[in-house]
Each structure stands twice: as structure tokens, then as C-alpha cells.
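Generate the whole structure from the sequences, applying the supplied hints.
The first sequence begins at 296 in this note's numbering and counts up one residue at a time.
Treat the hints loosely; a few may be bogus.
Stated by the list, open to error - With a straight-line Cα cutoff of 25 Å, these simulated DMTMM-like cross-link-like pairs (lysine to aspartate or glutamate) come out:
(1) K317 to D378
(2) K545 to D453
(3) K438 to E427
(4) K385 to D535
(5) K545 to D535
(6) K432 to D453
(7) K545 to D559
(8) K343 to D360
Because the hints were derived from the structure by calculation, they are not lab data.
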Amino acid sequence: MPELPEVETVVRTLRPTITGAKIAAIQLNRTDIVTPANTNLTPLLTGKTITSIDRRAKRIVITLDDCNRFYIHLGMSGRLTLDQVTHPTKLHTHFIIELENTTTQIRFNDPRRFGGVFWLGTDSAEKDLGPEPLTLKPAHLAKQLQHTRRPIKAALLDQTIIAGIGNIYADEALFLAKIHPLTPANKLKPIQISALNRAIKQTLRQAINFKGSTLRDYVNADNSPGGYRTKHKVYDRAGDPCTRCRTPIKRIVLTARSTCFCPDCQKR
DNA sequence: GTCCATGTTCTTTA
DNA sequence: CTAAAGAACATGGA
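Next up, the structure:
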């Protein structure tokens, strides 16, 4: 599901309501969604005040007034929503944060359970993450890519190389930059790296403006779907005409992921 | 029944 | 040894 734009959208929606809010209680309906295993969240969260909520890559990082923090990862099917306490709880709602002095609560719902709650304590949320794409300079992107011969599409999905891009926005950015997804990452010319860096930023920013892409599961924290899906140029458009040249969009499988591109605009 | 899906991590292979 | 490919995780919709 959720890549950088979707996670950013959720964070922006939650921020005004939950910043400064005090946690009255929590409900944890499945303990196996918490990492490290056997972390008892109840004493760590109850009575604490939320100081801030931020995004790092695809992680939703919540910091408490005692300087401890944790993050929520939405995985493939996760939702983090702000719901009225009277609103019926959906199936697969694993974790609820009850807030003082409000009629709403934060609910984490995740049918496939690829997501979860990750307790950090005073550790940072940086572990195993590459740089943020929205502030990345071309020279830094070049440095990140120069040591791998893997296809550029695979490199963009590697969160240790660049953090926050997933299957949709990798395809969309490569189309915008006119780069074939199978091009070895270390074979990209400087001009292509610059184009890719710009394309990544532009794609992610536009997606954020449309509040992300909803394929099936993703919704914003207010339960509304994202509006960017109809703007996709290649993702999930196999067989449809390219918006630039009318050539049918091609679909290949790369590292077990569907990869869509225009064979005419994105030559090897 | 089959195949596929926005992600990550562990294991196996080269 | 490292880099890269593959499998696994769990659920639901087409």
C-alpha cells in the first residue's frame, strides 16, 4: 500500500488533532504486531502526552513527552485512522490509542499484518534507512546508486538506498525521467541521475497534493481515499496507450513485482 | 480452486 | 566474503 505520499498524507491529517493530546488508554488486540516482541506498551503509553508526529520514509513516528518514541508502519494493507469512539470497530483493528478530552481515537487496522507497531524508546527511527527523496541532491543520489548493478527499479525499491519510494512511484518516476526500469543503476549517466532526482521529487510532491493513491486498502486518517490513482501514467496501465506517445504500456515482472513502463519513451 | 496485490526481512544462490 | 535473487509472511478480492 502506502508509500511516502500516503504516509505523509496520514501524518499531516493526524498532526493537528493528536499533537499535545494525552493518551488516556490503549487497546492492543494482537500482541504479535508489536516489535520488539513482548514489549508491554500499556505502561509505556498510558498517561503520556504526544509531543509530535512525523514521517520518516514510510514510518509514522510518534514522540512522547518523556522523549520515548515509537513508529507505526502500514505495511501493505495498514490504515491509521481517527475515528469517533462511537463508530463501530472494523475487523482487523489491532491497536487503538484512546485520547483524553476528545470523542475520537486513533485506530490501527491491518488485515494482512505486514505492518505493525515498533517501539523505539530513545532510539532514532533511522535504522536501515537511506536518504529522504524530497530533499535529496543529485550528487547524493549518484553516490547511492554507483555501487549497485541491479536494475534501477530494484534500487529505487531498496529502502537502504533511498527511503520512501514503493512500486507505484518507482514506476511513475522512471517514466517521467524516461529511464528504462532494467537499466543497471551504476550505468546511469549524470544527466539521467539529475532527471531521475527531479522526477522523483515531482512525482512524490504531486501525489502528496492529491493525498496519495488508493488501489484497494489505503485511506487517509479521515477514511477518505487518495486521488492520485487516475493521474498514474504507467502504473497499472499495462496495454493502455502511453499518455505521451500512444504506444501501449508494457508490464514486466522484476524482482517479483509488476513493473509498468512505456517501451518507446523509456528505451534502454 | 487460481492468481495477484501499495512492503519488508530472512534465506538461498551465484 | 558480498551482492542479488528468491521465498516467506497473511488476507481478501477478482
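Going down the list of hints, with the structure as the test:
Using a Cα cut-off of 25 Å, the hinted pair K317 and D378 holds, with the two alpha carbons roughly 16 Å apart. Restraint check: the Cα-Cα separation between K545 and D453 comes to about 23 Å, which is no more than 25 Å; the hinted pair holds. Taken as a hint, the K438 and E427 pair is honoured in the structure, with Cα atoms around 14 Å apart against an allowance of 25 Å. Taking the CA atoms of K385 and D535, the gap is about 36 Å. The hint is violated against a cut of 25 Å.
Between K545 and D535 the alpha-carbon distance is near 9 Å, which keeps this suggested pair within the 25 Å criterion. Between the alpha carbons of K432 and D453 the distance comes to roughly 18 Å, so the proposed pair stays at or under 25 Å and holds. With a C-alpha separation of about 10 Å, the suggested pair K545 and D559 falls inside the 25 Å cut-off, and the hint holds. The hinted pair formed by K343 and D360 meets the criterion: a straight-line CA distance of about 6 Å does not exceed 25 Å.
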